[in-house]
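Chemist: The residues making up each chain are set out below.
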Amino acid sequence: MYTWIPLGSSADLAQLASQIQSEYSPGVVAQNLASNLSNAVKAVLIERNYVDKDYRSTYYNFYAKKGQRYRPDCVRLHFFDETVIFEEETLRLRCTDNRLQDHYFGYMILRPTGIATIGRSVVSPDVRNGASGFIITAPHKVHLLGYQLFVEGFPSMDQHIDISVCAHAACWSILRHYSERYNVYREFLTHDITMMAQQFNPGGLVPSKGLQVSHAERVFQEAGTFPVHVARDINKPGDLAFYRQMIAYVESRFPLFAAMHNRGHAVAIVGYEWRTPATSGLPGLRYAWDEVKSLSVVDDSQLPYLSVPAQAGSAAYCALDIDAFIVALPEKIFYPADAVDRLAPALFKLGAVVGLPKQDETIIRYFITTGSALRRFVRGRESEFDPKLLQTIMTLPFAQFVWVVEFATEAQWAVGQIAARAVIDATASLREVMPLWLLHSRSEALVFDRQTVNLNLSTGIRALKLAGMGQTAFTRMDQNLRPTQTK
Amino acid sequence: MSETESTMDKKEDSIFDLIEGLTPVDPTQLTEFQQAMNDEVIPEIVRVVEERRLLAVESRNRQLKC
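Chain order of the listed sequences is A and B. 140 is the number that this note's numbering gives to position 136 of the first sequence; each next residue is one higher, with no gaps. 28 is the number that this note's numbering gives to position 24 of the second sequence; each next residue is one higher, with no gaps.
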């Protein structure tokens, strides 16, 4: 049932072909792994007769109805580093420091479907060749030989081709991440996703004829999220506000369902990498999107964490090919990213009061977070804040979600610092003149009473002089995406 | 008037009463921002959000298959 394959080099993965039956396409999988997994993977444990809930959902509802007989079970491959050994007689996994968890890189399920056999997989970005930057991950529990292991990653699978296409796979990946990351969302299996896309059971091979973006939207609605569908004019790739909000949501730890209509393809965007900071010396307002080198995507035709360049180049596609995305938001985010995108530069009109950097020397970054995450961030960096500002942030009655806008000079951006921060009420209405809770720099703050500010500006805003912060640095509020540590 | 009614009628504390060191802002310092919001930013936001809605309507029917 279990076979251990030590890997001297990636060429040793070819042994999979002799160890696994042909209906799992081990030869194709071995080639894929050899090209795309790093040399840090020094052993593969083959676990046969694995009951995979996702494959079983398609087996019961589709494969079992076919004339060709399909096996009900899968094969699961587990990836380890060089410190782990497998004792065949006792079925024990051993490592010198007894911390098996630290030497585990995840798993990949192979389906007995002959083609597109890579099923549910969670692999660490650290061992994916070419993966880089910050990735949205969740801990996934794995039970193996009586050991309970965790792998931090983003779920992925090949599309089934006949009953699911790329869009189903992207929806499944995102929703499986949600069910692992947030206990408010339930788990949906592969066949559930296919059914959720339609108002009725389309039967047979209809799903393989493709999906419209509206179907993907419907899947996220059915799953209990509040999907926001953002599209750009497909004839206008220069709609930078579209890309600015795309990165804002990813930075807010929301994986995106992204559509490329020119390719008829959909992927999940799960991370990004910043460009190496360099002094441009060019004047002009910039945004976080201008500093993005690449996006990390889960594409059902590749191993996960494919690095997609922001600009066109030699890659098969680039971020500019994306012309629509769906972000599956929780309820209570009413103020749209487009509004934040237009409001942020207008805040420079308050620059004289608060002390913002010069507009044409600033990089703007905006994202969604919760009021409690903002407070946690501030609490963890108390020394950066005047106690009065800290008291203000702890006291303001934030709604659950806030938009945060950060203002940084080029020099500050390079070292992960900012000059000023605005906190916007994510439940504000579009037509509010002051949808803010707070705007502060290192010397001044404006505090907004959301009860009264839109009725009477003079009674709804107060100033707060900040002291002792002239020399301190404000840290950029990163949202705990997992930095890739290439192995 | 009952005690409950009297409590309900009592004016709620402003958030400003709970934070130390706040001072009033000269309203003239806010005029430029307020005017920009009313004349340019809010109409632009409303226009862009509507435009984005229409683009989403078009996008919804596009086929994804590969």
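One thing to keep in mind: the hints can contain errors.
Calculated lysine-lysine pairs in the DSS-like style (CA-CA distance at most 27 Å, straight line) [what the hints assert, rightly or not]:
| no. | chain 1 | residue 1 | chain 2 | residue 2 |
| --- | --- | --- | --- | --- |
| 1 | A | 362 | A | 297 |
| 2 | B | 69 | A | 392 |
| 3 | B | 69 | A | 145 |
| 4 | A | 362 | A | 336 |
| 5 | A | 491 | A | 362 |
| 6 | A | 362 | B | 69 |
| 7 | B | 69 | A | 240 |
| 8 | B | 69 | A | 336 |
| 9 | A | 469 | A | 392 |
| 10 | A | 353 | A | 469 |
| 11 | A | 297 | A | 69 |
| 12 | A | 297 | A | 240 |
| 13 | A | 213 | A | 57 |
| 14 | A | 46 | A | 145 |
| 15 | A | 213 | A | 70 |
Derived by calculation from the structure, the hints in this document are not laboratory data.
Chemist: For each hint given before, does the structure comply? Return the numbers of the non-compliant ones in rising order.
Modeler: Hint check: 2, 3, 4, 5, 6, 8, 11 fail, others pass.
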